[in-house]
Amino acid sequence: EPEVTQTPSHQVTQMGQEVILRCVPISNHLYFYWYRQILGQKVEFLVSFYNNEISEKSEIFDDQFSVERPDGSNFTLKIRSTKLEDSAMYFCASSSLRATASYGYTFGSGTRLTVV
Amino acid sequence: QQQVKQSPQSLIVQKGGIPIINCAYENTAFDYFPWYQQFPGKGPALLIAIRPDVSEKKEGRFTISFNKSAKQFSLHIMDSQPGDSATYFCAAHYTGFQKLVFGTGTRLLVSP
Chain X
1 EPEVTQTPSH QVTQMGQEVI LRCVPISNHL YFYWYRQILG QKVEFLVSFY
51 NNEISEKSEI FDDQFSVERP DGSNFTLKIR STKLEDSAMY FCASSSLRAT
101 ASYGYTFGSG TRLTVV
Chain E
1 QQQVKQSPQS LIVQKGGIPI INCAYENTAF DYFPWYQQFP GKGPALLIAI
51 RPDVSEKKEG RFTISFNKSA KQFSLHIMDS QPGDSATYFC AAHYTGFQKL
101 VFGTGTRLLV SP
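So the protein lines, in turn, are chains X and E. Residue numbers for the first sequence, in my numbering: 1 to 116. Residue numbers for the second sequence, in my numbering: 1 to 112.
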C-alpha cells in the first residue's frame with residue numbers, strides 16, 4: 001500500500017533555529033498538507049498545497065512557516081525561527097482529489113519536533 | 001463554526017464490548033466525515049468515512065451512524081479487541097476548503 005514518508009522521525013533544535021521537515025507524498029496525489037499535533041491534543045490543520053501554491057492556511061501558519069515542493073517529489077515545511085511552542089508532532093498528508101467520499105487523506109507517521 | 005466536538009475523552013471496555021464514540025458539528029457545509037485511528041507514534045489512519053446523504057455505513061466491525069438533522073455522528077466498534085486500543089478522531093471536511101477539522105480524540109482501551 002502506498003505510503004507518505006516523512007523524515008526525520010525526530011528532530012531536536014534550539015530555539016531560534018530554522019528547521020526543515022521533509023515529506024514524500026504518494027506519487028499520483030495532487031494535494032499536499034501539513035498538520036500538527038501538540039502532545040495529547042487534537043490534530044490541527046496548518047496548510048494545504050496544490051498546483052505549486054498554497055490553497056489554504058490556518059492562523060497557526062504565520063510568516064515563520066513556509067512550504068515548498070522543490071523537485072516534484074518532496075514536500076517540505078520550513079520553520080524559520082523556532083519557538084518553544086512549535087514543539088509538536090508534524091504530519092504530512094496527501095490526497096488524490098479534493099477529498100470527498102472515501103478518497104481520504106493518507107498521513108505520514110510524523111516528525112516529532114522538540115524545540116529546546 | 002468550524003469545530004467538531006467529540007466525546008468521551010477516554011473509554012475503557014472489555015473485550016467483545018461495543019465502544020461508542022460521539023461527535024457533533026455545527027457547520028452544515030461539512031460534506032465528508034471520516035474517522036481516523038491513531039496508534040502511539042504513528043500518523044492518523046483512515047478507518048471509515050461517510051457522507052451526509054447516508055445514515056449508516058459499515059466496514060467490517062466498524063459502523064458509522066449519521067444523524068443529519070441533529071448534526072451528530074458516531075462510531076461503533078463491534079466485538080472490540082485489545083488491538084483496537086488506540087486514539088480515535090472524528091473529522092469533518094467541506095469541499096470548499098481543502099482541510100480536515102478534527103475532533104479532540106477519544107483514547108480507547110480494550111481490556112483482555
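These are computed hints drawn from the structure, not numbers from a lab. It should be emphasised that the depicted structure is a prediction, and the values quoted were computed from it without experimental measurement. Every residue gets a Cβ at the ideal spot worked out from N, C-alpha and C, and that includes glycine. Each hint should be verified, as a subset may be incorrect.
For the chain X half of the interface with chain E, some residues (derived, Cβ under 7 Å), not all of them [as the list claims (entries may be wrong)]:
| id | residue |
| --- | --- |
| 1 | Lys-42 |
| 2 | Glu-56 |
| 3 | Phe-91 |
| 4 | Ser-109 |
Cross-check of the supplied hints:
1. Lys-42: At about 5 Å, which falls below the 7 Å cut-off, the nearest Cβ of chain E leaves the hint on Lys-42 of chain X intact, so it holds.
2. Glu-56: Since chain E brings a Cβ to about 5 Å from Glu-56 of chain X, closer than 7 Å, the hint holds.
3. Phe-91: Check passed: Cβ of Phe-91 of chain X comes within 5 Å of chain E, closer than 7 Å.
4. Ser-109: 5 Å, holds
Consistency note: the structure conflicts with none of the earlier hints.
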